[in-house]
Amino acid sequence: MKKVLIDLKDIVKTFDGQTIVNHLNLQIYENEFLTLLGPSGCGKTTTLRMIAGFEKPEAGVIIIDGKIVNDLPPYARPVNTVFQRYALFPHLNVIENIVFGLKNSSYASKLMFYGEDNLIKEAQDKYPNKKITKHLLNKLINEKIYQDAEYAIKLVNLQGLEYRKINQLSGGQMQRVALARAIINRPKILLLDEPLAALDLKLRQNMHYELKEMQRRLGITFIFVTHDQEEAMTMSDRIVVMNDGVIQQLGTPKEIYNEPVNRFVADFIGESNIIRGKYIKENEIEVLNKRIPCVGYKFAENEIVDVVIRPEDWDVVSLDKAVFVGKVISSIFKGVHYEIIAKVEDVELIIHTYEEVKVNDQIGLKVDPYEIHLMRVAQDE
Amino acid sequence: MNKYFKKLAIPYFVWLYVLAIIPFVIMVILSFVNNEGLDFSKAIFTLDNFGYLTTSSTVIAFMNSLFYAVIATLTCIVIGYMVAYAIFRSHFKNKFLVMTILILPMWSNMLLRIEALKNIMEPHNIITDILSKLGIHVSLDIAGTPLAVIIGLISTYIPFMILSIYTALEKIDYSLEEAALDLGLTETKKFWKVIFPLSTKGIVSGSIMVFLPCMSGFAIPEILGQGNILLIGNVIDQHFRNMNYNLGSLLAVVILIIILGAIFLVSKFDKEGETLL
Amino acid sequence: MIKQYPGYEQYEVANIEDYGYKEHRLTKKIFKVFRAIVIIFAVFLMYIPIFTIFLQSINSSTITSEFGQITFKWYANIFDKGSLLTAIRNTVFISIWATLISTVLGTLFAIGISTLERKAKRHIMLLNNIPLLNADIVSGIGLMLIFSSLIHIFPYFFGWRTMLLAHIFFTLPYVVLSVLPKLRELDPNLFEASLDLGVKPYPSLYKVIIPAIKAGIFSGMILAFTMSFDDFVISYYTTGNGFDNLSIWIYSSMGRKSLSPSVYAFSTLVTILFFILLIITNLLRGRKQYHENH
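Chains as they are written, first to last, in the numbering used here: chain A, 7 to 387; chain B, -17 to 259; chain C, 47 to 340.
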């Protein structure tokens, strides 16, 4: 059973009268890659900043490692942040930025960090004839800090750039410095606030793999904030989909993709067709005026449901084998597949297929019963 | 925009050369000659004027100027930084209003303000008069003392320092402060390791704006020092009033060289040219 | 003094000391008090002169060290006293004209400078700094010397003409320095867009560039006027023919010990006027933002 590192209990945060985070409850485990995903203004960045200590919740408690940290200032919290625009110190070079946190901590903190007993033992081994003084230990600590920095630099692939000035770095390089600067402090939790937003596509995609690898290697918890669902799907162990300050769904990428719990999540993640239908009885639904089999859901008889079918789950078949027949309104070649919009029973469906289909043609469609997902219809929909 | 408007700058080159560089040349020439006023017809080349530089009164005046300028500048840095930082940190909705409060005294004529200070520094003045009518008896007797001159210099020039430092502070990206806190630095450490280093441009440009006028001004020392204290500015003024252009020019040239030296040093220190204003 | 969290009593509250930090409450308090004292002292130092001026302006006694009764007669008197009024008029005349001319020229020069290559730009910026940083007295003397050499051509040169030229000389750099940064921040495509739409270069300048940098022009103008209105040393050395500006009048009156209290009244009026102007601009700005937000 994984240990709970962070426990957010009933967190409420308002700005200017608007509720940005609305009674949020979330448990975050050790050694996981968790993503807060949602559109702008959903509260994901605010939640992250509350964990970091830059904002204080109006209500609720933030528990880190079993202790309530609401009033604990950011410098004392066992978390480190990678900022969206990196926030690298312009008056320091790369390596000075990286060692900044460790070098400027108090002597007591440094002793705690490296372990006082270990340090003394190492000093005794290294300088056998000298008296163990604070000065000596400080010297040793300094050496270790710079060793750690070199290790961090290797981890983020910045070898050779140690003495560069910050304004001579590219966006990708700056981002790595920001990462190194954070992880050298060995935080249990690393917070990343849309750190890849300013990078171009190819670089961003590379970083997805690098970050995931890093998290696995370091064995710490990454809390990643983004509005890009592809990013979230690629890297996360669990995704928290948020909207209007409320968690819409919490689950693995697969769960979120295949079993969205509501319209928002279904719409936000990937593309999908959401069609109003009816659950007739077990294993049978009625949608688009046809009754088709559907496996794995239990609702009340004749209950109105939302039927979710992903564009790639539609099978394009010849008209005689088709269950649904529609007319093609648009057909765009997207590189990997064709994106077809077809009208079936007055409903526009998005279909992804590898074969070319021409506009104004008729199209025959079928769908596997295991690939249909049903969602309860909310009261106000 | 380039090709169309380049020629707009040319008149400015000419203007500056005529009114800034040529006078300098004239002053240099005057330093090397001995003549009446600006009549060069009987001019003799001489190095006598340079001998004057080493006389004790000149050296004392220079030392005085340096002394007062340095003390005033340092005091302005310390006090000015605290004020600028307090404004920067404050939650005043309206920093503009605070800026107004700083600039407001500058709208009053400087000579008048200095004269007002001089009055207060005498034992019997309008304020002690009013206070004594209310039953409070205080008095200050510092008119004519070095302290008076320093107070006058600080009172006049500290707004420049405050504004300069404040501008530099405002330019610091707030996320840098958050990053420092996030990395484990306390507020105090964050100030010394992040905010202060990034505000040095403001301190330097503020110092220039205080130091140079302090060193070369003559009105403030003349009025508040009541003639007891002579700075270089006073000396130059006296020479010119006595039509002794040669000595006056020589001293002026020396001051100009010092100033140019200061500008040069600053431009070495800051390559982007951001420091000045 | 540990904060309580009702409903979550079962959890321990994190203490800053657990993480290796100390609270330092007392030190912080002491420093706060010290800083407050310094700030009050600084504000006091900046304001005591104008406060004293204000007192003098309502002082019925002409002996500056005594306070008679509260009176406003000096305010009315401003318009009676011949030499003071002349000096005020001269100052206003010079400052307004110098400001107007410098603002226009300075803006054009700044535009020209912004198009120069690095070397030329640095060259002219160095020259630009000379009037700014040069000691007043050196500038004043320099201008006097060069104006003197022209006296053979213009015998009555010294007077308001030379003072005006001098004021333009030292206010131009302020305008240039205020406008240049705004030019730097300008969208580089703005001008080209205007040309692309068929507008010729100079009209484009007027219609597109100038409006975009008007904040810089405005602040340069204010700066120029401030510097000019208050100037003493340079004006002193570049005037002639009895053309006094306010500072020169004050200086000579101080020397003759014939300072009329009306000048205090005038100064107080100017201070109040500018204060009101700043409040108004501030209110207008606030109103504009309010409209933009709603």
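Bear in mind the hints are in silico, worked out from the structure with no lab data behind them.
All C-beta atoms, glycine included, are put in the ideal place defined by N, C-alpha and C.
Incorrect hints may appear among the rest.
Unchecked claim - Across the chosen pairs, the derived CB separations fall in these ranges:
#, chain 1, residue 1, chain 2, residue 2, range
1, A, ASN148, C, ILE322, 55 to 63 Å
2, B, SER39, C, LEU330, 51 to 59 Å
3, B, TYR156, A, ASN31, 29 to 37 Å
4, A, THR258, B, TYR156, 31 to 39 Å
5, C, LYS260, A, GLY276, 20 to 28 Å
6, B, LYS(-11), C, LEU323, 47 to 55 Å
Structure-based check of all given hints:
{"no.": "1", "hint": "A:ASN148 to C:ILE322: 55 to 63 Å", "result": "holds (59 Å)"}
{"no.": "2", "hint": "B:SER39 to C:LEU330: 51 to 59 Å", "result": "holds (55 Å)"}
{"no.": "3", "hint": "B:TYR156 to A:ASN31: 29 to 37 Å", "result": "holds (30 Å)"}
{"no.": "4", "hint": "A:THR258 to B:TYR156: 31 to 39 Å", "result": "holds (36 Å)"}
{"no.": "5", "hint": "C:LYS260 to A:GLY276: 20 to 28 Å", "result": "violated (49 Å)"}
{"no.": "6", "hint": "B:LYS(-11) to C:LEU323: 47 to 55 Å", "result": "violated (37 Å)"}
In terms of the numbered hints stated before, the structure departs from hints 5, 6, listed from lowest to highest.
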